[in-house]
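Relying on the hints, combine the two individually framed chains into one complex.
The lines below spell out each chain.
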Amino acid sequence: MITLLYFARLREALGTGREELALPSGINTLGALRDHLSKRGDAWAREMADGRNLRAAVNQDVAAADTPIKDGDEIAFFPPVTGG
Amino acid sequence: MKSLSFHRLPGADAMSVRVQEQDFDVSAELALMRIGNPKIGAIASFVGVVRDINEGDSVATMTLEHYPGMTEKAITEIIGQARGRWEVLDALVIHRVGTLKPTDQIVLVIVASTHRGDAFAACEFIMDYLKTQAPFWKKEITPQGARWVDARVTDSRAAERWGSIEKS
Chain A
9 MITLLYFARL REALGTGREE LALPSGINTL GALRDHLSKR GDAWAREMAD GRNLRAAVNQ
69 DVAAADTPIK DGDEIAFFPP VTGG
Chain B
532 MKSLSFHRLP GADAMSVRVQ EQDFDVSAEL ALMRIGNPKI GAIASFVGVV RDINEGDSVA
592 TMTLEHYPGM TEKAITEIIG QARGRWEVLD ALVIHRVGTL KPTDQIVLVI VASTHRGDAF
652 AACEFIMDYL KTQAPFWKKE ITPQGARWVD ARVTDSRAAE RWGSIEKS
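Residue numbers (this note's numbering), protein chains in the order written: chain A, 9 to 92; chain B, 532 to 699.
Chain B with its partners taken away, still in its complex shape (with noise of 0.2 Å):
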């Protein structure tokens, strides 16, 4: 498969991804996505949030491992699928790593359009295809010890019932 490639025209596909420590601002996300791009008319946003409880234990906190390099690759990847079904007039993932706890924001995926439904279904796209596609790993430390959280079957079934993504 080739490395991938954009036709940057100016404004017309800005997308940012980042993959970060620390914590982020929706609202400063969304407003900084909304200035400067009067053709934007829908704005969807996504937030994943640690939650307390997993696989029936208690989660005291968790943390996130990646592959440097290839997490980005993934994503902007991912981006570039959306792109290539839905208007997308910008994109933005942000992705913590580290050790997060309940109630933690853990991800942000936020996709502007000239319209709402090309921006709701490109942001669950995204988010779908995150969830099976990039390399990041949760490992919980819960009351019985730590652990590696398993992947999901449901999450392969969410991703896969948006059909094959042909690579760029």
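Looking at chain A on its own, in the form it has when it is part of the complex (with noise of 0.2 Å):
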């Protein structure tokens, strides 16, 4: 199981913050997972789509698209930040 956690802007489109999901077979990049997630559809097609300005962490470490991804991680999906 991988957990998925959404911020800010992204939660409230998606109506989640967090979820556990098994990681799906084939899926071991970010970008990769990114893709699949935007299948789901409606605010997923929306809000993952390549053209969205998102960011992301792997284990607490902000990773790239082609950031390796494994059983037991915790993802975020998030806008960019603004705080200060």
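A couple of the hints might just be wrong.
[Claimed, not checked] For each label pair, taking beta carbons as the anchor points, the in silico distance ranges come out as: (1) B:P569 with A:N61: 47 to 53 Å; (2) A:W52 with B:N585: 26 to 32 Å; (3) A:A40 with B:T592: 38 to 44 Å; (4) A:G59 with B:E691: 20 to 26 Å; (5) A:K47 with B:R647: 53 to 59 Å.
Hints are computed from structural coordinates only; laboratory data are not their basis.
For every residue, glycine included, the Cβ atom is placed at its ideal position computed from N, Cα and C.
And the structure:
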């Protein structure tokens, strides 16, 4: 299982902030996972689309699309940050 | 990228990162840093405050959301990067979350060094990187309704002028 976290505008748009998911077979990078999630349709298709300016982290480190993912990872998707 | 590693020498590389809902007392934090470390010759501090106007609209309140765990990790890493560039005897970052209103304090950065040049530069560097790297998000309540604040290009440019940061 992997833990998926969504924050801020993305969390509201998707209607969830957290889910546990069995890592789908053949999905082994962050980019592949994002593509997989976008196939859920509706808000997922819209929010996870390639053109959306999303950031992601794997195990709490900022990560790029080619970052490998594996079972047990904590993976977060979120909009560009606006703290300070 | 591997996890953070800091070589802890007694009193030589102290730092503290706090994410909290409650307000902070700048004077008290400055005194805490100064007292007990006679090597300190300069302390620079920055306080971020909630403005009443953003993007032309008045702001009644704002709510700050964050990513617990990653926030502390990201700020700790930013302080570590500052430490690699300047002499930093001690550093403190406090960032508030929850609901805030105009004139409230949001963020405090304090850096202590032997001399002012390093303290000023490290304080500004930490703040610039915090704005673009630490996972916080602001949602404003305005007369037109609630809206998530968009990231600013000027903040990215402010961070970029320090050059690329190497991962620790």
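Results of checking the hints against the structure:
Between B:P569 and A:N61, the C-beta spacing of about 48 Å keeps the proposed range 47 to 53 Å intact. Checked against the hint of 26 to 32 Å, the pair A:W52 and B:N585 passes, with Cβ atoms roughly 30 Å apart. Distance hint for A:A40 and B:T592: a CB-CB separation of about 40 Å, consistent with the stated range 38 to 44 Å. Separation of A:G59 from B:E691 is about 23 Å and conforms to the stated range, judged on CB atoms against 20 to 26 Å.
Checked against the hint of 53 to 59 Å, the pair A:K47 and B:R647 passes, with Cβ atoms roughly 55 Å apart.
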